[in-house]
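Asker: Order-wise, the sequence lines are chains L and S. Under this note's numbering, the final residue of the first sequence carries the number 531; numbering is consecutive throughout. Under this note's numbering, the final residue of the second sequence carries the number 151; numbering is consecutive throughout.
Please note: incorrect hints may appear among the correct ones.
Unchecked claim - Just a few of them, taken from the derived set where beta-carbon distance is under 10 Å, the chain S residues facing chain L:
{"no.": "1", "residue": "L8"}
{"no.": "2", "residue": "A9"}
{"no.": "3", "residue": "H33"}
{"no.": "4", "residue": "L40"}
{"no.": "5", "residue": "A64"}
{"no.": "6", "residue": "I71"}
{"no.": "7", "residue": "L74"}
{"no.": "8", "residue": "C88"}
{"no.": "9", "residue": "L108"}
{"no.": "10", "residue": "G111"}
{"no.": "11", "residue": "G121"}
{"no.": "12", "residue": "I125"}
{"no.": "13", "residue": "D149"}
{"no.": "14", "residue": "T150"}
Stated by the list, open to error - The calculated label-pair distances, taken between Cβ atoms and stated as ranges, are:
{"no.": "15", "chain 1": "L", "residue 1": "T516", "chain 2": "S", "residue 2": "L74", "range": "37 to 43 Å"}
{"no.": "16", "chain 1": "L", "residue 1": "P401", "chain 2": "S", "residue 2": "Q18", "range": "54 to 60 Å"}
{"no.": "17", "chain 1": "L", "residue 1": "V511", "chain 2": "S", "residue 2": "T142", "range": "29 to 35 Å"}
{"no.": "18", "chain 1": "S", "residue 1": "D70", "chain 2": "L", "residue 2": "V474", "range": "16 to 22 Å"}
{"no.": "19", "chain 1": "L", "residue 1": "G501", "chain 2": "S", "residue 2": "Q18", "range": "26 to 32 Å"}
{"no.": "20", "chain 1": "L", "residue 1": "V443", "chain 2": "S", "residue 2": "D11", "range": "47 to 53 Å"}
{"no.": "21", "chain 1": "L", "residue 1": "D480", "chain 2": "S", "residue 2": "D115", "range": "27 to 33 Å"}
To be clear, the hints were calculated from the coordinates, so they are not data collected in a lab. Glycine residues also receive a C-beta, built at the ideal position from the N, C-alpha and C atoms.
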Amino acid sequence: MKEEMGPVALVEPHDSHIRQIVVTPGLSVTLDFDRLNVYHCIRPEVHQVWSYRATLTLTGVARFFLQSLLESNDYVDDAVVFTGLDEAPWIELLTLQQASRVSVTFGNGATLSVDCVTAHLTLQTDAKYLEDFCGPL
Amino acid sequence: MTTEPLASDIIGTFLQLPWHGSELVGFEIGHATSAQALVTFDIVFHAAGSPDEPTEVRFNEARGIYTDIDLLAKRLCSDHIASGYCQRASDSEEAFVRGLDERFDLYRGETMDGLFVFGIDLIHPAGEILVLARSFTLSTGSSMVADTA
């Protein structure tokens, strides 16, 4: 049974879908996600998994590299945000963060790499409840 | 009744556009329908009589994209385009196009027939964009300028 949403404990880009990439005038790029799984903590080691639409806004973009076969059903295999040599957990992107690169690999082998200065993830409000997850994240 | 556009019409219409010195303002990669990918460029064409408002170049039934651009260099070069080109995908020597079936899995039985490579080179060192698609459409505001679909 669903309870009140607790605080976000984890943002998991694996298996999400990028439905739109927009390179805007200037130096910004936005990635619009579907099916981005977010774990909300209910109690210790008990989480609700919600599926969100979300927008990742990257500013100060220099290099933008994408090679892809375009398929509507493709999914994100892995997505990493680097801050220098370190990786930033996606949950930290819910507040504006300094970032140096976002690197995404897709299930079909497509790759996206964006060199940037900041990254900010905004969750949309129309989330869909998926399931409860019990255990450590 | 619908008819397939002639390849020479698609290539000729694209090549006739005044690419050199025009501006690539921005672009989008998304999905027109659940089954169809869509790539659009916003271009300000600079030619005698051209309006300064952006023209949307919409690539229909887009099947692939390769882009390696430097947005900072693009801005420093005033978003200017060096050239645009178009050819049948089956004739392309571009490594991305030639390697599509090796790097990615095309649908079973799918070939490059009917697909075109639409390319834009930005002023060096800003980079390039290639789109693999079946046709393209131009529109300004609410009016259609050209449709090769």
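Asker: 47 to 53 Å was suggested as the range; check whether the CB atoms of V443 of chain L and D11 of chain S agree with it.
Answerer: Holds, since V443 of chain L and D11 of chain S (Cβ atoms, about 51 Å apart) stay within the stated range.
Asker: Is 26 to 32 Å respected by the C-beta to C-beta distance linking G501 of chain L and Q18 of chain S?
Answerer: violated, 39 Å
Asker: Cβ-Cβ distance between P401 of chain L and Q18 of chain S: within 54 to 60 Å?
Answerer: holds, 58 Å
Asker: Can I125 of chain S be said to touch chain L, with a Cβ gap under 10 Å?
Answerer: violated, 16 Å
Asker: Tell me if A64 of chain S is really an interface residue toward chain L, meaning its C-beta lies closer than 10 Å to one of theirs.
Answerer: holds, 5 Å
Asker: Regarding the hint that C88 of chain S lies at the interface with chain L, is the smallest CB-CB distance below 10 Å?
Answerer: Nearest chain L Cβ about 18 Å off; hint violated.
Asker: Using 10 Å as the Cβ threshold, decide whether L74 of chain S counts as touching chain L.
Answerer: Holds: closest Cβ of chain L sits about 5 Å from L74 of chain S, inside 10 Å.
Asker: Could you check if G121 of chain S really has its C-beta closer than 10 Å to a C-beta on chain L?
Answerer: With a closest approach of 14 Å, the G121 of chain S hint is violated.
Asker: Under the criterion of a CB-CB separation shorter than 10 Å, is I71 of chain S in contact with chain L as hinted?
Answerer: holds, 5 Å
Asker: For the hint on L40 of chain S, does the least C-beta distance to chain L fall short of 10 Å?
Answerer: At about 9 Å, which falls below the 10 Å cut-off, the nearest Cβ of chain L leaves the hint on L40 of chain S intact, so it holds.
Asker: Have a go at the H33 of chain S hint: is there a Cβ in chain L nearer than 10 Å to its own Cβ?
Answerer: holds, 5 Å
Asker: Holds or violated: is there a CB of chain L closer than 10 Å to the CB of L8 of chain S?
Answerer: violated, 24 Å
Going down the numbered hints, you'll see the structure goes against 1, 2, 8, 10, 11, 12, 13, 14, 15, 19, 21, while the others check out.
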